[in-house]
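Undergrad: Whenever a hint applies, use it, and build me the whole structure from the sequences.
If you read the protein sequences in the order shown, they are chains A, B and C.
Number 160 in the UniProt record's numbering belongs to position 160 of the first sequence; there are no gaps in the numbering.
Number 152 in the UniProt record's numbering belongs to position 152 of the second sequence; there are no gaps in the numbering.
Number 148 in the UniProt record's numbering belongs to position 148 of the third sequence; there are no gaps in the numbering.
Read the hints as simulated data drawn from the structure, not as lab findings.
Heads up, some of the hints might be wrong.
[To be verified] Computed footprint of chain B on chain C, listed as stretches where at least three residues anywhere in the stretch have a Cβ under 8 Å from a Cβ of chain B: (1) 69-77; (2) 102-109; (3) 163-175.
[To be verified] Listed below are several chain B residues computed to face chain A (Cβ distance under 10 Å; list not exhaustive): (4) 14; (5) 33; (6) 43; (7) 127; (8) 144; (9) 151; (10) 207; (11) 211; (12) 215; (13) 240; (14) 241.
For glycine and all other residues, C-beta sits at the position ideal for the given N, C-alpha and C.
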Amino acid sequence: MIEGARRGLIAAGLLAPAALVFAILFVWPQLGLFLQSLGGPPTFSRFLGDSYYLGVLGNSLLLGVCVTLVTLVLGFPLAFLLARAETRWAGLLLLLTTFPLWVSAVVRSFAWMVLFFRSGVASRFLQGTGLVAPDFQLIGTFAGVVIALAQVLLPIMIVTLYAVIRGVDRDLEHAAMNLGASPAVALWLVTLRLARGGVLAGSLLVFSLSVSAFATPSLIGGARAHFMAVTIYEQTLELLDWPFAAAIAAILLVISLSVALTYGKLLGEKTR
Amino acid sequence: MTSLRSPLGWVLRGMAVLGFIYLLGPLLVIVAASFSDTGYLAFPPQGFSLRWYHAALADARYLTGFFVSLRLAAMVAVLSLIIGTAAAVALTRFAFPGSVLLEALFLSPLVLPALVLAVALTLFFSANPIAPPGMTRLVISHLLVGVPMVLRVMLPVLRRVDPAIEEAARNLGASPTKAFFLVTLPVLRPGLIAAAALAFIFSFDEVEMALFLGSVRDAPLTVVLYGAAQMQMDPTVAAVSSLLILLALLLMVAQQMYANR
Amino acid sequence: MTNSADLVLDGLARRYGSTTAVARMDLTVAAGELVALLGPSGCGKTTTLRMVAGFIEPSEGRILLRGKDITTMPAHQRDTGMVFQSYALFPHLSVAENIAFGLKRRGVPKPEIAQRVARMVALLQLQGLEARLPKQLSGGQQQRVAVGRALVINPAVVLLDEPFSNLDALLREGTRIELRRLQTELGLTTLFVTHDQAEAMAISDRIAVMNKGRLEQLGTPREVYERPATRFVASFIGRANIFVSRDGRSEDGIPLDGPEGTLVLRPERVTLDEAPAEGPNAVAGTVDLLSFLGTGTQAVLRLPGGRQLLVEGPASLADRFHTGGPATARWMRDDLVALPAE
Ligand SMILES: Nc1ncnc2c1ncn2[C@@H]1O[C@H](COP(=O)(O)OP(=O)(O)O)[C@@H](O)[C@H]1O
Ligand SMILES: [Mg+2]
Numbered sequence: 001m002i003e004g005a006r007r008g009l010i011a012a013g014l015l016a017p018a019a020l021v022f023a024i025l026f027v028w029p030q031l032g033l034f035l036q037s038l039g040g041p042p043t044f045s046r047f048l049g050d051s052y053y054l055g056v057l058g059n060s061l062l063l064g065v066c067v068t069l070v071t072l073v074l075g076f077p078l079a080f081l082l083a084r085a086e087t088r089w090a091g092l093l094l095l096l097t098t099f100p101l102w103v104s105a106v107v108r109s110f111a112w113m114v115l116f117f118r119s120g121v122a123s124r125f126l127q128g129t130g131l132v133a134p135d136f137q138l139i140g141t142f143a144g145v146v147i148a149l150a151q152v153l154l155p156i157m158i159v160t161l162y163a164v165i166r167g168v169d170r171d172l173e174h175a176a177m178n179l180g181a182s183p184a185v186a187l188w189l190v191t192l193r194l195a196r197g198g199v200l201a202g203s204l205l206v207f208s209l210s211v212s213a214f215a216t217p218s219l220i221g222g223a224r225a226h227f228m229a230v231t232i233y234e235q236t237l238e239l240l241d242w243p244f245a246a247a248i249a250a251i252l253l254v255i256s257l258s259v260a261l262t263y264g265k266l267l268g269e270k271t272r
Numbered sequence: 001m002t003s004l005r006s007p008l009g010w011v012l013r014g015m016a017v018l019g020f021i022y023l024l025g026p027l028l029v030i031v032a033a034s035f036s037d038t039g040y041l042a043f044p045p046q047g048f049s050l051r052w053y054h055a056a057l058a059d060a061r062y063l064t065g066f067f068v069s070l071r072l073a074a075m076v077a078v079l080s081l082i083i084g085t086a087a088a089v090a091l092t093r094f095a096f097p098g099s100v101l102l103e104a105l106f107l108s109p110l111v112l113p114a115l116v117l118a119v120a121l122t123l124f125f126s127a128n129p130i131a132p133p134g135m136t137r138l139v140i141s142h143l144l145v146g147v148p149m150v151l152r153v154m155l156p157v158l159r160r161v162d163p164a165i166e167e168a169a170r171n172l173g174a175s176p177t178k179a180f181f182l183v184t185l186p187v188l189r190p191g192l193i194a195a196a197a198l199a200f201i202f203s204f205d206e207v208e209m210a211l212f213l214g215s216v217r218d219a220p221l222t223v224v225l226y227g228a229a230q231m232q233m234d235p236t237v238a239a240v241s242s243l244l245i246l247l248a249l250l251l252m253v254a255q256q257m258y259a260n261r
Numbered sequence: 001m002t003n004s005a006d007l008v009l010d011g012l013a014r015r016y017g018s019t020t021a022v023a024r025m026d027l028t029v030a031a032g033e034l035v036a037l038l039g040p041s042g043c044g045k046t047t048t049l050r051m052v053a054g055f056i057e058p059s060e061g062r063i064l065l066r067g068k069d070i071t072t073m074p075a076h077q078r079d080t081g082m083v084f085q086s087y088a089l090f091p092h093l094s095v096a097e098n099i100a101f102g103l104k105r106r107g108v109p110k111p112e113i114a115q116r117v118a119r120m121v122a123l124l125q126l127q128g129l130e131a132r133l134p135k136q137l138s139g140g141q142q143q144r145v146a147v148g149r150a151l152v153i154n155p156a157v158v159l160l161d162e163p164f165s166n167l168d169a170l171l172r173e174g175t176r177i178e179l180r181r182l183q184t185e186l187g188l189t190t191l192f193v194t195h196d197q198a199e200a201m202a203i204s205d206r207i208a209v210m211n212k213g214r215l216e217q218l219g220t221p222r223e224v225y226e227r228p229a230t231r232f233v234a235s236f237i238g239r240a241n242i243f244v245s246r247d248g249r250s251e252d253g254i255p256l257d258g259p260e261g262t263l264v265l266r267p268e269r270v271t272l273d274e275a276p277a278e279g280p281n282a283v284a285g286t287v288d289l290l291s292f293l294g295t296g297t298q299a300v301l302r303l304p305g306g307r308q309l310l311v312e313g314p315a316s317l318a319d320r321f322h323t324g325g326p327a328t329a330r331w332m333r334d335d336l337v338a339l340p341a342e
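TA: As structure tokens, this is what we get:
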């Protein structure tokens, strides 16, 4: 341990670079974003008064809900089995599960484009069922975006759930079974009950990432991708309406921040 | 594993297998499609040819983009590692008022939309007369996520390490500098490698900030790919994607081997 | 005295803001002597030890090691060997490399390092484990590596911070005997921190009893037990019945024949019988509890005034008395030990 003032100086020195990066590149620009969206023509009222833009917001929120549900249903079994596996393969499987995170979302979305294209396997399968038009393609559909984005975000859900389930003492489940609960009941009453906060936290994280996702909705959704991030992109680089784009970005920021605050609190409480 | 032998266990297993296929299947699809001997993207592939790989390597945009991305990611990884680790040491080894809040602030870019960060930074740089050129701009912008990624890895690592080992080294005659290099650094090594790998791969894979802040002439590979994927279903994109998947695999294996050595 | 004094703490104090962790402490440890710093958790033992090692700067006072003032010397230049409570073994180094660490820093030639490490490994019965990493060792083995690493450098003073607290009871006793044997054989000057009074009694030449940052008493185990200097020492070391005697009576009316003032009566000095209590140094009561301890029996006698008198006697006490029944406690005049007036 180093003493007093010298200690303080060292701590300040270690923190200075990060503090500088955050002050200049984070705090300042984010405040600037709000200021920009307030300056000039009334941007927020334009967004909130236009049913088209409200539809975009609704679309994004719906996307968030759907993607969260898909990742939860597919992610929980994987996370649970990986957390409870006692074989030496478990580590390798966990690694494989997180491998997609090492690959750009652009590449992963492109993989879905190959399948969703008019002559792609998935679209041809649907055409074959006769439920859709012969020239149907999943590209440009809401369902296509959900399927692709859920796959892109699934590893994040699994990693979060894995950590939470690992944190639940297995003997609690054993105790429940010892007292007469069937495995399913023990899982429901004990493990899931204790993992509840963490499950909710993982869901909120995935929700927040889906609502604000850009690459996948833009590539799979194509020209008809009415989602928040894609709209911001159009307003800036294509229509050059920066104040309006800043306003939409500010709305997205507020949504993400409030979701993040909620799940940060939940993760803090997950042991309860 | 008592509970897994029940019917419920089998349901869970079945769903896990489905989840696994869903997760990794598309990556295999794209690799398979890249070898197709057809003028358009085909899955299942027809024939076998390397012609799309030849086409990809002959296209200067991809090659330039690859080296731009490599340079970008390397700089972001090194800078994030230094800045993030220093901050993590300060946050874990020194108690000071507001450290909890500061930690939350430092980690917050991880939960904020990349596109919002990109828009805010673009506005910031355009209003700033001394804005740096494209590459530098993108590097420092990526630090905004690279530093939090390093922090997220290093904070728990530093909290797990017994702070007494450094004192033990000094007690046995190592100067503070020596103690750091002989004891602290080797113990932190797996964490540092994982953190650097994460920051590298983030910067290499990131597309939103790259679209807004990167230079148009020297566009990073993800931006080139994004543009190409939007245009048409070009098998060359599949070939480049496959190469990127291979690169990611090699990086992950290297990180695992090096960190666990 | 100054010739054989290896370690001198001279008015050593440490404050954190308004709290005083250690208050002006004077302590001398002679060459080859083992002194235990004993006291309840939070009394300042670790702070004292770490000031000697150089990890905490004193607010006041001086530290002399073999006559040299080391108060402001950096930790790595002090000649102390510390065994940490968490052991603080280097997780990335093998057993042999952990033990060799201090020798390498001192520039000891390679062949000699190998030789000294091998000797320490043999001395601590760690043969065959040299290549293992700390996490591949049991708790007891880790503890011995930590001791070996501190002793191999032949430090001027060995500092131990609750070195046995992570071991189970049986292992703790064996290791304690081992350490004491090693310490006397090698003639190591040692400062030993513990909160366990039985441990301190068993291992040390002298005990420094601390309370709330203050040194309450310094003496041999027998001295602090038989002639406690304060009420705190009397009740922290062993068990004690404490009376405040004035005009031949305790504060709760028991007739006492002994000195005036605060008196200590050890439970093993009290005898029990069935005869009525007459005269001073005798009191009748009801047996509240009888517990068989193996070496004897402990009884708790409830007195009319409400006091619970502790008694320790032979195992046969359990046959002669029963819970809820009457008994009379007696003791001799000499058994009442007066504490010095405060
Ligand atoms: N870094 C610190 N800051 C403030 N108070 C401290 C610090 N270190 C120790 N103390 C206080 O000093 C007192 C003595 O602590 P310590 O020496 O660790 O006790 P012991 O080892 O006897 O249990 C305690 O009351 C503790 O709360
Ligand atoms: Mg202590």
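Undergrad: Take the hints in turn and mark each one as holding or not.
TA: Hint by hint, here is what the structure shows:
| no. | hint | in the structure |
| --- | --- | --- |
| 1 | 69-77 | holds (count 4) |
| 2 | 102-109 | holds (count 3) |
| 3 | 163-175 | violated (count 0) |
| 4 | 14 | 8 Å, holds |
| 5 | 33 | 5 Å, holds |
| 6 | 43 | 6 Å, holds |
| 7 | 127 | 7 Å, holds |
| 8 | 144 | 5 Å, holds |
| 9 | 151 | 8 Å, holds |
| 10 | 207 | 5 Å, holds |
| 11 | 211 | 7 Å, holds |
| 12 | 215 | 14 Å, violated |
| 13 | 240 | 8 Å, holds |
| 14 | 241 | 4 Å, holds |
Checked against the numbered hints given earlier, the structure breaks hints 3, 12 and satisfies all the rest.
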